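> In the order they appear, the protein sequences are chains W and U. Per the working numbering, the very first residue in the first sequence carries number 1; after that it's consecutive. Per the working numbering, the very first residue in the second sequence carries number 679; after that it's consecutive.
Simulated from the structure, these hints should not be mistaken for lab results. Heads up, none of these hints are tricks.
Derived DSS-like pairs (lysine-lysine); straight-line CA-CA distance at most 30 angstroms:
{"hint": "1", "chain 1": "U", "residue 1": "Lys830", "chain 2": "U", "residue 2": "Lys794"}
{"hint": "2", "chain 1": "U", "residue 1": "Lys789", "chain 2": "U", "residue 2": "Lys830"}
{"hint": "3", "chain 1": "W", "residue 1": "Lys329", "chain 2": "W", "residue 2": "Lys576"}
{"hint": "4", "chain 1": "U", "residue 1": "Lys884", "chain 2": "U", "residue 2": "Lys739"}
{"hint": "5", "chain 1": "W", "residue 1": "Lys265", "chain 2": "W", "residue 2": "Lys248"}
{"hint": "6", "chain 1": "W", "residue 1": "Lys248", "chain 2": "U", "residue 2": "Lys722"}
{"hint": "7", "chain 1": "U", "residue 1": "Lys789", "chain 2": "U", "residue 2": "Lys739"}
{"hint": "8", "chain 1": "U", "residue 1": "Lys830", "chain 2": "W", "residue 2": "Lys376"}
{"hint": "9", "chain 1": "W", "residue 1": "Lys329", "chain 2": "W", "residue 2": "Lys248"}
{"hint": "10", "chain 1": "U", "residue 1": "Lys739", "chain 2": "U", "residue 2": "Lys892"}
{"hint": "11", "chain 1": "W", "residue 1": "Lys265", "chain 2": "W", "residue 2": "Lys329"}
{"hint": "12", "chain 1": "W", "residue 1": "Lys265", "chain 2": "U", "residue 2": "Lys722"}
{"hint": "13", "chain 1": "W", "residue 1": "Lys60", "chain 2": "U", "residue 2": "Lys830"}
{"hint": "14", "chain 1": "U", "residue 1": "Lys739", "chain 2": "U", "residue 2": "Lys794"}
{"hint": "15", "chain 1": "U", "residue 1": "Lys794", "chain 2": "W", "residue 2": "Lys248"}
To give an idea of the interface, some chain W residues facing chain U are shown, with a C-beta separation under 10 angstroms as derived from the structure:
{"hint": "16", "residue": "Leu24"}
{"hint": "17", "residue": "His95"}
{"hint": "18", "residue": "Gln124"}
{"hint": "19", "residue": "Leu152"}
{"hint": "20", "residue": "Ile254"}
{"hint": "21", "residue": "Ala256"}
{"hint": "22", "residue": "Glu285"}
{"hint": "23", "residue": "Ala301"}
{"hint": "24", "residue": "Ser304"}
{"hint": "25", "residue": "Glu418"}
{"hint": "26", "residue": "Gly420"}
Here the structure is a predicted model, which is why all the values come from computation and not from measurement. Quick reminder that beta carbons are idealized off the backbone N, C-alpha and C, glycines included.
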Amino acid sequence: MNVRVIDTTIATPVRKRDATARPLVRIVIVGHVDHGKSTLIGRLLHETGRLPAGKVETLKAVSERRGMPFEWSFLLDALQTERDQGITLDTSQIHFATASRDIVLIDAPGHAEFLRNMITGAAQADAALMIIDAAEGVRDQTRRHGYLLHLLGIHQVAVVINKMDRVGFDAQRFHDIETEIARHLATLGLAATAIIPISARQGDGIATITPPIAWHTGPTVLQVLDRFAPARPATALPLRIPVQAVYKFDDRRIIAGRVETGALKVGDEVLILPRRRTARVRSIEAWPVPDESRVPRAARAGQSIGITLDDEVFVDRGDLLCAVPAPAKATRRLRARIFWLHDAPLSVGDAVTLRLGAAEGRGTVALIDNAVDPGKLAADAATSVEQNHVGEIEIALSEPIAADTYAANPRTGRIVLEAGGRIAGGGLVLSTDVEATRRLEELRALAERLNRELAPLSPAERIAQFRRAVAGRVVFTTSFGLEDQALMQLLADADLDIDCATLDTGRLFPETYQLWAETEARYRRRIRAHYPRTEDVEALVASQGINGFYDSRQARLSCCQVRKVEPLNRALAGAKGWITGLRADQSAYRGETTLVEVDAERGVLKLSPLLDWTREAVLAFAREHDVPLNPLHAKGFASIGCAPCTRAIAPGEPERAGRWWWEQGKTECGLHLRPASP
Amino acid sequence: MDRLDDLEAQSIFILREAFARLDRLALLWSLGKDSNVMIWIARKAFFGRVPFPVMHVDTGKKFREMYAFRDRYAAEWGVNLIIEPCPPIEAVDPTLPPAARSAARKTEGLKQALAKHQFDGLIAGIRRDEEPTRAKERFFSPRGQAGGWDVKDQPPEFWDQFNASPPPGAHLRVHPILQWTELDIWRYTRREGIPIIPLYLARNGKRYRSLGDKDITFPVASDASTIDAIIAELEATNTPERAGRAMDHESEDAFERLRTSGYL
Chain W
1 MNVRVIDTTI ATPVRKRDAT ARPLVRIVIV GHVDHGKSTL IGRLLHETGR LPAGKVETLK
61 AVSERRGMPF EWSFLLDALQ TERDQGITLD TSQIHFATAS RDIVLIDAPG HAEFLRNMIT
121 GAAQADAALM IIDAAEGVRD QTRRHGYLLH LLGIHQVAVV INKMDRVGFD AQRFHDIETE
181 IARHLATLGL AATAIIPISA RQGDGIATIT PPIAWHTGPT VLQVLDRFAP ARPATALPLR
241 IPVQAVYKFD DRRIIAGRVE TGALKVGDEV LILPRRRTAR VRSIEAWPVP DESRVPRAAR
301 AGQSIGITLD DEVFVDRGDL LCAVPAPAKA TRRLRARIFW LHDAPLSVGD AVTLRLGAAE
361 GRGTVALIDN AVDPGKLAAD AATSVEQNHV GEIEIALSEP IAADTYAANP RTGRIVLEAG
421 GRIAGGGLVL STDVEATRRL EELRALAERL NRELAPLSPA ERIAQFRRAV AGRVVFTTSF
481 GLEDQALMQL LADADLDIDC ATLDTGRLFP ETYQLWAETE ARYRRRIRAH YPRTEDVEAL
541 VASQGINGFY DSRQARLSCC QVRKVEPLNR ALAGAKGWIT GLRADQSAYR GETTLVEVDA
601 ERGVLKLSPL LDWTREAVLA FAREHDVPLN PLHAKGFASI GCAPCTRAIA PGEPERAGRW
661 WWEQGKTECG LHLRPASP
Chain U
679 MDRLDDLEAQ SIFILREAFA RLDRLALLWS LGKDSNVMIW IARKAFFGRV PFPVMHVDTG
739 KKFREMYAFR DRYAAEWGVN LIIEPCPPIE AVDPTLPPAA RSAARKTEGL KQALAKHQFD
799 GLIAGIRRDE EPTRAKERFF SPRGQAGGWD VKDQPPEFWD QFNASPPPGA HLRVHPILQW
859 TELDIWRYTR REGIPIIPLY LARNGKRYRS LGDKDITFPV ASDASTIDAI IAELEATNTP
919 ERAGRAMDHE SEDAFERLRT SGYL
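The task is simple: from the sequences and hints, build the whole structure.
Rendered as structure tokens:
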């Protein structure tokens with residue numbers, strides 16, 4: 001029996017001219033056993049007139065001989081065992097063409113036992129068609145398959161609600177199931193392309209909207225198939241080439257691998273992980289090369305290539321070639337969300353072999369969280385991951401491996417696990433720096449709690465409670481501005497274990513130095529000064545001149561980096577808490593700040609006790625307590641930084657308008673910048 | 679990149695994985711269009727040479743043109759050719775239908791060759807679209823010690839990560855062109871200028887679409903006397919590729935039985 005079918009009904013000129021340029025889309029059909037996957041495929045072939053002549057008649061004769069009623073699914077269930085048991089054991093692939101696409105339909109088994117085969121089939125797909133029996137509704141395996149589509153990174157999903165004939169084409173029944181499955185998919189971050197009522201056996205909703213489902217306003221199954229898009233190589237992501245092998249067939253030393261993401265050209269520098277060595281691409285090798293003009297000079301995602309490097313740096317199978325500015329991470333510990341297919345459960349302490357790209361690593365399961373059966377609605381988390389269940393695990397590796405998070409790079413952010421030399425599971429990398437991720441999560445939780453608790457309190461109470469909640473060193477950084485001086489007064493009154501630090505950029509106003517001395521005398525404490533690194537300042541001035549920061553925004557940011565940001569990082573090194581004088585109404589940017597923020601880069605919690613105060617309120621407080629202030633404030637300087645980069649503002653100008661006034665837009669130096677996305 | 683580039687890149691990837699992870703590898707050369715494409719891609723993968731032996735398991739019943747093709751291109755392509763014979767028909771399971779029994783000689787020949795050379799990996803040019811049981815195959819397909827295929831217990835395979843650790847005595851079938859279709863093969867053959875056996879081209883209104891033993895392989899009606907014409911013909915046909923291979927059609931499950939016992 002053969003179900004390879006070639007379109008004869010649509011003679012498109014496009015197809016004749018450049019047949020291999022038509023989009024090829026691989027679509028997996030998933031769902032609970034007996035909900036009608038194979039019937040739908042058989043019907044699709046029949047509805048579109050793509051069956052070889054005599055095929056249906058032959059199968060009808062076979063069915064009669066076996067004393068079974070004819071089913072459309074017989075077209076697919078080619079193996080003897082399948083016809084005997086009436087279930088699909090493994091994945092079948094069926095080629096056919098629609099108006100604008102060549103389609104490979106992958107029939108994945110719905111039986112729970114064969115989840116490994118469903119995954120094998122679905123992992124090759126660009127899109128999924130999920131089938132649900134209208135009489136039975138959403139079942140365990142429906143939910144399980146939905147969850148696995150999410151873990152396999154398949155984002156295009158359409159749902160067909162089949163056997164509508166068995167429920168009298170009841171629109172209400174359809175809408176109930178529609179709501180339930182849409183909600184389930186939404187919890188997985190998936191949105192269905194369409195949800196369609198069909199009867200695969202009778203043909204409703206396949207190629208046309210028939211009278212019994214006239215109430216359905218959406219597309220037919222064929223229209224949906226024709227809208228799915230093929231996966232595109234991720235050329236826009238940073239370069240990643242997992243090294244498959246290094247060949248020394250002749251005097252060349254060819255590094256072979258597939259460009260998983262990004263692009264490269266001869267002359268590019270690459271970082272080799274986990275060895276952390278760099279080298280430049282000397283050549284891209286190919287065979288056959290008819291003449292010199294055909295020697296490749298560039299390659300991009302999707303291509304299997306060979307390159308030579310300009311340096312005899314050691315490279316081996318399993319290394320990852322990365323773009324220098326945006327490399328993967330060499331790590332000994334990974335956190336991943338995985339599915340597990342082996343019959344023995346995965347437990348903490350188990351030894352596993354991990355594959356990522358061409359790398360093979362040996363490790364131990366160090367931790368398991370949230371292990372559940374993704375088919376059950378309210379499942380209790382277990383301490384081991386059972387067969388066909390999912391969970392989050394941490395793996396401690398004996399040697400470092402180069403990895404990305406799945407969020408950063410889907411191709412090099414996924415792993416496969418082996419047990420006994422056989423693939424037993426796989427999943428998505430959630431973190432390549434587990435300790436940092438855990439600390440960050442703890443910080444986020446603490447920040448959330450403190451934001452709630454601190455909101456109704458006074459600034460003094462906020463500082464005191466922040467000090468109690470943060471375990472470790474807390475640093476108050478001052479630039480002797482109005483808010484800083486008010487905070488200094490509060491800290492002096494409270495006598496808390498909080499360090500005071502300032503950044504002496506070397507370019508401050510004489511008035512600021514004067515106030516610094518006054519403040520130390522008034523509050524009887526030394527303020528720890530952090531200076532720029534001499535060699536950095538020398539290099540900066542050598543490169544851009546003594547006042548080069550006026551020339552360009554880039555030059556100014558370099559100066560801020562050397563004179564402020566780098567010293568601040570040292571001032572906060574090892575600290576857990578940071579207190580600043582930010583106010584929300586200083587600028588729109590600062591208006592998005594919360595009382596307590598997580599500074600992920602520096603690993604600290606940042607408290608701005610005066611965040612919700614106005615400038616007037618701070619001024620009133622300062623006057624009341626006779627707080628020493630910078631005399632420049634009285635001369636129209638609202639916000640005071642380095643002398644060359646601060647001017648007075650006119651009445652009515654925004655408060656920070658006098659900072660780097662010659663630049664358009666941003667008025668931040670980088671101390672308080674948040675990363676673009678969390 | 680067009681579809682042929684995508685297919686070629688994946689086939690190269692698979693061949694390189696096989697070469698990196700298996701110790702004793704051989705490529706099965708049936709002399710047909712598919713294995714010729716495979717050898718061509720292997721030369722691309724390894725920059726002009728095939729770094730493992732190319733094995734022809736010879737039933738002794740191939741067409742004269744096929745032997746001529748083998749001898750010429752084995753030399754021209756510089757491959758390390760191994761030729762292994764097949765046992766006589768009497769040594770084969772007598773319960774199989776006649777053509778399948780004849781084809782099963784190749785399975786026996788393969789088993790003997792495996793035992794002799796101790797290969798742990800055999801690269802074979804089967805394709806999913808040829809036949810439904812082949813549609814169920816993995817890229818790396820484990821075979822038991824007797825060479826059998828346990829279709830009910832195939833390991834999972836995804837994200838181009840392969841099961842490449844056969845237990846001692848067992849071997850792996852590696853299928854680098856599993857994803858290709860018959861049309862892809864011809865379009866690629868045309869694009870790359872890969873030589874073919876002239877039996878594929880029509881003479882006197884007949885041509886071979888698939889080549890096997892001469893006593894159990896039959897030509898189909900066709901006027902396609904060039905590769906261009908073959909491509910045009912395939913774009914418009916509904917007849918299966920293996921229609922001319924007798925052992926596929928003797929009974930519903932004859933081909934499946936052949937495959938579970940180790941046929942390609």
